[in-house]
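Peer 1: So the protein sequences, as listed, match chains A, B, C, D, E, F, G and H.
Sequence positions in the first sequence follow numbering that gives the first Met the number 0 and run 0 to 250.
Sequence positions in the second sequence follow numbering that gives the first Met the number 0 and run 0 to 250.
Sequence positions in the third sequence follow numbering that gives the first Met the number 0 and run 0 to 250.
Sequence positions in the fourth sequence follow numbering that gives the first Met the number 0 and run 0 to 250.
Sequence positions in the fifth sequence follow numbering that gives the first Met the number 0 and run 0 to 250.
Sequence positions in the sixth sequence follow numbering that gives the first Met the number 0 and run 0 to 250.
Sequence positions in the seventh sequence follow numbering that gives the first Met the number 0 and run 0 to 250.
Sequence positions in the eighth sequence follow numbering that gives the first Met the number 0 and run 0 to 250.
What the hints contain is simulated information worked out from the structure, not anything from laboratory work.
DSSO-like mimics (lysine-lysine), calculated; alpha carbons at most 27 Å apart, straight line:
| id | chain 1 | residue 1 | chain 2 | residue 2 |
| --- | --- | --- | --- | --- |
| 1 | B | Lys57 | D | Lys100 |
| 2 | A | Lys100 | C | Lys57 |
| 3 | E | Lys92 | E | Lys57 |
| 4 | B | Lys100 | B | Lys57 |
| 5 | F | Lys57 | F | Lys100 |
| 6 | C | Lys100 | E | Lys57 |
| 7 | A | Lys6 | G | Lys6 |
| 8 | D | Lys6 | F | Lys6 |
| 9 | D | Lys57 | G | Lys100 |
| 10 | E | Lys145 | E | Lys118 |
| 11 | C | Lys6 | H | Lys6 |
| 12 | F | Lys57 | F | Lys92 |
| 13 | C | Lys100 | C | Lys57 |
| 14 | G | Lys57 | G | Lys92 |
| 15 | G | Lys57 | H | Lys100 |
| 16 | G | Lys145 | G | Lys100 |
| 17 | D | Lys92 | D | Lys57 |
| 18 | F | Lys57 | E | Lys100 |
| 19 | A | Lys145 | A | Lys100 |
| 20 | G | Lys57 | G | Lys100 |
| 21 | E | Lys6 | B | Lys6 |
| 22 | H | Lys100 | H | Lys57 |
| 23 | H | Lys57 | B | Lys100 |
| 24 | A | Lys57 | F | Lys100 |
| 25 | B | Lys100 | B | Lys145 |
| 26 | E | Lys100 | E | Lys145 |
| 27 | E | Lys100 | E | Lys57 |
Number of protein chains: 8
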Amino acid sequence: MNSDIRKLLEDVQSGAVSVDDALLKIKMSPFEDIGYAKVDLHRRVRQGAAEVIYGAGKTPEQIAGIIESMCRHGQSRILITRMNEEAAEFVAKTTSLDYRKDAKVGIVGGFPEPDGIGKIVIATGGTSDIPVAEEAALTAEILGSKVVRLYDVGVSGVHRLLAHMDLIMEASVVIAIAGMEGALASVVGGLADCPVIAVPTSVGYGASFGGISALLSMLNSCASGVSVVNIDNGFGAGFLANRINHMEVKK
Amino acid sequence: MNSDIRKLLEDVQSGAVSVDDALLKIKMSPFEDIGYAKVDLHRRVRQGAAEVIYGAGKTPEQIAGIIESMCRHGQSRILITRMNEEAAEFVAKTTSLDYRKDAKVGIVGGFPEPDGIGKIVIATGGTSDIPVAEEAALTAEILGSKVVRLYDVGVSGVHRLLAHMDLIMEASVVIAIAGMEGALASVVGGLADCPVIAVPTSVGYGASFGGISALLSMLNSCASGVSVVNIDNGFGAGFLANRINHMEVKK
Amino acid sequence: MNSDIRKLLEDVQSGAVSVDDALLKIKMSPFEDIGYAKVDLHRRVRQGAAEVIYGAGKTPEQIAGIIESMCRHGQSRILITRMNEEAAEFVAKTTSLDYRKDAKVGIVGGFPEPDGIGKIVIATGGTSDIPVAEEAALTAEILGSKVVRLYDVGVSGVHRLLAHMDLIMEASVVIAIAGMEGALASVVGGLADCPVIAVPTSVGYGASFGGISALLSMLNSCASGVSVVNIDNGFGAGFLANRINHMEVKK
Amino acid sequence: MNSDIRKLLEDVQSGAVSVDDALLKIKMSPFEDIGYAKVDLHRRVRQGAAEVIYGAGKTPEQIAGIIESMCRHGQSRILITRMNEEAAEFVAKTTSLDYRKDAKVGIVGGFPEPDGIGKIVIATGGTSDIPVAEEAALTAEILGSKVVRLYDVGVSGVHRLLAHMDLIMEASVVIAIAGMEGALASVVGGLADCPVIAVPTSVGYGASFGGISALLSMLNSCASGVSVVNIDNGFGAGFLANRINHMEVKK
Amino acid sequence: MNSDIRKLLEDVQSGAVSVDDALLKIKMSPFEDIGYAKVDLHRRVRQGAAEVIYGAGKTPEQIAGIIESMCRHGQSRILITRMNEEAAEFVAKTTSLDYRKDAKVGIVGGFPEPDGIGKIVIATGGTSDIPVAEEAALTAEILGSKVVRLYDVGVSGVHRLLAHMDLIMEASVVIAIAGMEGALASVVGGLADCPVIAVPTSVGYGASFGGISALLSMLNSCASGVSVVNIDNGFGAGFLANRINHMEVKK
Amino acid sequence: MNSDIRKLLEDVQSGAVSVDDALLKIKMSPFEDIGYAKVDLHRRVRQGAAEVIYGAGKTPEQIAGIIESMCRHGQSRILITRMNEEAAEFVAKTTSLDYRKDAKVGIVGGFPEPDGIGKIVIATGGTSDIPVAEEAALTAEILGSKVVRLYDVGVSGVHRLLAHMDLIMEASVVIAIAGMEGALASVVGGLADCPVIAVPTSVGYGASFGGISALLSMLNSCASGVSVVNIDNGFGAGFLANRINHMEVKK
Amino acid sequence: MNSDIRKLLEDVQSGAVSVDDALLKIKMSPFEDIGYAKVDLHRRVRQGAAEVIYGAGKTPEQIAGIIESMCRHGQSRILITRMNEEAAEFVAKTTSLDYRKDAKVGIVGGFPEPDGIGKIVIATGGTSDIPVAEEAALTAEILGSKVVRLYDVGVSGVHRLLAHMDLIMEASVVIAIAGMEGALASVVGGLADCPVIAVPTSVGYGASFGGISALLSMLNSCASGVSVVNIDNGFGAGFLANRINHMEVKK
Amino acid sequence: MNSDIRKLLEDVQSGAVSVDDALLKIKMSPFEDIGYAKVDLHRRVRQGAAEVIYGAGKTPEQIAGIIESMCRHGQSRILITRMNEEAAEFVAKTTSLDYRKDAKVGIVGGFPEPDGIGKIVIATGGTSDIPVAEEAALTAEILGSKVVRLYDVGVSGVHRLLAHMDLIMEASVVIAIAGMEGALASVVGGLADCPVIAVPTSVGYGASFGGISALLSMLNSCASGVSVVNIDNGFGAGFLANRINHMEVKK
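Can you make the complete structure from the sequences, with help from the hints?
Peer 2: What follows is the structure, given as structure tokens:
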């Protein structure tokens, strides 16, 4: 963007553009021209391998339209989250779609080679948490991370988790996903020495209150290095884990 | 009590008491005379070794008065919970009082020999939970149970708990006491094969909401065999644990 | 398990296994080999008569598959909770299933002879609480407890409960199940001298808030000896009651 | 008030007042002149014996000033609720004040002869509920009701309540006051055949949440004939009970 | 009941019954025989004109069965609340049923002549509150009260309410029913000088939270003489209002 | 209305109406006759262009009936909110209806020329908030305001909002509509120097709790000049914005 | 600001500033130089008469320092909200301060002549709401609005409010302030035809929950034209009311 | 630790230790000896520069004792959080303590050279959030991170934040700290392309509910890459940010 402004200034200097026209241009488009569009541009460059569509509340036709538009603009990998079966079937008519029913995730363009600094371990308390876990896993994978799945290691049988402690110790990021009492995050947080992202799920009944119990539990984790995302937000956890897993690329 | 009614009936049979007088007596005091007082009497017999005074909201003078009255009626062991220092100092002037400042518990008459079916293990997540734990421990001890203290074994360092797994395995009852995320109850519940009583504490800050987070966590425990008492209710947990620990005595 | 380690150490002593191989073996499988698997083994032995399947969120095919697998491994009694009619019909095609529609419970292999130390009394406040009560009752029965049902004895007609006070007095454990204001737990807790397990139910409307009102009421019970499980958690109450009812077996 | 309007209309009829002036007068003071002030006048007449001052948030000087002003206007009986000791001492300097420290209630002018249709029974779950109960009792008494106190009859010892069942049966209104789980309202509601007013109190700790637990419990009461007032609102309950207790006077 | 005990005592006196047999009889059936059953009997006598069936959660067959059983025992008037159309159609096949679809109320046996001490005014804030209001109205009517309906007089157009102030002033009881902000109860409470029963309804959206907003509003009413029942509990309000409306009958 | 009273007074003056009859008439209809109906009349005059029907909970027949009645009384513009498709189809049979499916809004009589003092800018955080925004926009438009739509300018891409800052600066009122974290209101509130009306929406999942999160966020806005209406209350925001936008007309 | 950029561009055109320096300058200070600072400048110009200091959490020394600094920069009127007495005394040593103890508001420089389009009416439910009302009133007054105070007109005595209906009808904005059940906002909203700003207060006890009850009530107001600010936020209401009251000045 | 087991095995091999003794040793101390202590050891090595003491709830004497003990064991840097002034003064008598009163943080041994992969930017919404921010900053600094402070950039003046966008763009981690509506996290999350850790603070009043409003807002952030820690948990955020900022060191 700097080059755009520089060009404009050079044009003013050379007389090719009048002061008034330059002023107008600067004023009318402060963001596209002066630098804030870089945010979006930068993002596209940075995340590169994949664009994301949030499928909830969109019609099959809308989703298909967005995909088509993205492909036309050269996007090679697309992740669609919260995509229902009906939408998947509709899209699959015209696009090569890899649909994961369990996670409600659709993938266009396949997965890239992982290029992060390590592995992301995704642990769940129970088998009912797997849909959220898969949303996280597929998100991280399409963005370029290697993912290790460690499902059904809830703390009511803590030996199951401990039996895989080497995985925890080797991870660059751990995503701990659990409903009910959400204690997994604390136990994992106490074992791991990498960042731990906790995802409460709405799994449970009665006093689980749709995930509030797990959410509060995770926010109160007595272990350091744990942070929390919204209930059932597998995508957010996968996105953040991948970002952390690509930290060394930055500078 | 049966004997009171029997006596009355015999008096009716013998003519010593008229039908009307008997009827009046039965009607006017249905509980003391006819059987419900047995509840209280039975309790005193059953719990025998100790009477309990809930100290909160009572003046030092009131507490001293109740103690004196109990002693006059032959009560040899008394437990006072939620007793502040001022009350303890006042009572100690006239009674031999064993006051535990940390637990805010006063004891008159000392502890009996334990006669339960096993040991009660009391585990806490952190050191801040110890006052509640001591209230539970002293309650169980004065009622006749052997107590093993296992403090500061929170799940953010799960190896601390696992290092004492033999104690957990040998317990007849485990009381799991924790604030913040309250995950201790689930982990202990998964390790123990005896009844586990979970006590949420108001330890924590922010989203711990004065114990709500721990409470919800414990209610949602994915481990079987766990039940929960009120926030900070060490007395209730100790009382119930002792009751379970004397199960075989019953029949 | 000790024998496994002993064998390994003897092999080291005899030179049959090298130090490095032994070290690797100990490190790589700390739980299966060194003792934590005993937890699960112990459990199977201890609870012996029945294995439990949580049916919610499982397809009829999955439930049938788990049952088949369990039977293949010699499991003779199986309890399936939260099992819907569709699953029951599917399972019944290939397995002899005793399905209780009201409680949403399926039973394979029938009930054992009760061998606990006493009777478990299950009291409900109303008739709408019966499904939860039956889940508790069938759980306790298949695990080997004798159960006495005392339904519809809510506190708005306290004489109904008092009319059965002998049952309450004779129980080894009482399970008090109620929705709405959940007052049953307190009244029962004041009458009984055995452990009381309170189960709030989601029965009610308006300010019952899906069981929160009953839950809070039970947690605040002014009666000693009462503890609480999750809303509608009949299984948890039945499991814990049976555990307490087998206390004397332990040592 | 009718006479005011009548006078105005007569003046219009006689020509003493013009139509425009009459119109203006009617329009400008619709309530004082046309009838709504009768509400307050009626009230003073109706409740006659006592005026009420809500003492919370008022300085001793303000309270004393209001009392003085009321007396000057011929008020012979005054009830001051939520009056702290400091205010009581200040007022007592100049007025003959009957101050009840426990209930934080001050009374000027003493109590009238009770003239209601029956007795109001005020029952409390515990001794800690007594301040609220006394606020209710004194309110009802100064308004002209006979009150029977039945304190510390909580449902964890239901025989204590049942022992006084005749009182409950004879009451014209029962006020049931309890904190913690608030079950007293349901039990009393099941026994009484008169209106029952339930008052939740903020007595308790942990999951009592300052009276919320008792409040919800009472709102969900499975007994018919029970209604609820605000937490700790002894005055409101006493006022309403007295109103019901004077029902026959109305027509 | 007194006569039962008197008979027993006379039999003991005469020798017709032994002391042991009498003792057993007294102990085994403390409530049916000694007096608590009088509660229920008394109720039937007292409320006489109608028995109530809570239809929610009951099948059409169950409701029909209960009605038939009641009729067989001589019950001439029956009120069924929360009765859905399917149940009404089923019952109507065999019984003469007056079904009010709006209120989900069914009536068998018609309404008695009103015999209360005055009129019950039922006011609603909007038209959406009418189903709850009708449940209250029909309940009070079948129990013997005269009811005046004053619907859609919400406080956002306070003149609509004031236009009917004479009705409010003449009422023996007012039931104020409103959802959303529930302010009607306070305004009515300020106008009326009789007991006011407030019924919050679940009408509204967003921050009405299913009736919580109206409930809290009503509990906090700054007007004296107002008490509250559960959200949508028209029956409870009608029942209580009728009870108050028959106060003078009692003594 | 004044003329009605004036007429009555003139009749009294002339002797055509007696004082008693006039008194009765004034007393019996204090609001219709004496001035409070002016509130409603005034409203009709003031808002003139449109009458509003709240469609939720009304049958298609009821809505059609109200429309017909309004038209018969000369109402030329009608807005129907929360109108479902079924109702729209029914009404369209007999009335020329402009139905906006997205906003669930029906319009009869078309839009007037805008005559407010400026433009109302309606900004939304995302595309899912558009239905609420359209309800607000159409409400303001039918009442006579010019509306500028600025959709999908949520704060996670704050440059999108800033790119339109001139619109914000020129607005006479801004309506900020957002779900999830509701931060849009604060950012807009900081940029605008006109009144800002914040509308939380129920858009989101998990810890958005049906709009509570956005609601709280907006109430806590650190920007001055922001006020809040109920969750999803597009109508209320549009109505209020239009009222503010016609301020200068008043005096 | 345009002139700053124009100057820079002219300097580039003339060669007085190099392209690189201009680029740096534009990039380094996008807001001060390019236009967003205008927001703040505009504000100062617009609100002119007064600057506001939020006193909560600031030491007396800090407040005095800010006042001194403002005065040095030519600010002639300053409003300090949430200012405690200690701070007022400290400031009064060096500045001429008009301190209103009740409202916790300090004023420097006195009040301007009101220049709004009409009068702001501030109504409160009770006398305890007055501190919040005064904060609102003084805020509006120092910003240039005429304020009419209408205190203690709560809906439990609705005639008090109606007696002042002319004031309500004449207002350009009404601020309705109430705690407890907050019904005042709805009643006022139904009477007024101008914007109504509702302010819930934390006045009350028990189920008022520190203002939540009033807040919910106001959000659910069934009257159109009502919006809500944070609990006890008198300043926010006064600020917004003044802004609306100066609407016509804008264009 | 491996060397300890290896030594033991070698001793078994050589016959220096018997199989039984080795078995006992392995069994009695499964964690210290067999590998889980590595967690703690590893941590100390990993975080190296500093040990942390949570000061809340500890007496000055306890804190001083722990510091002394740590120093004796060779710990050169110590961070004490939530340390009150009294404790600081006590500790300062015997230890060279750098106490930051605002953040309630004490530092022993000074700060190390930063060695992370980039800079941590800590942004706050207001000045009241600074104590939490400083706790985060000092935590990250003593653990070896470079921190840039960006205080008082709340979204109600979004230009303040945007003026520092280069800092945001350059950060390796951003910590966004805000109370009230917590919108800062979303705006920052939309601008940054690094991990963002959101910290809700208890700053605010009324509907901020002690930080709940900010917490919910942050959990619902519509920006990707944002996660949340507990209310006021500056330490947790600083600890996690530092961990992420040292990611590249790991492998």
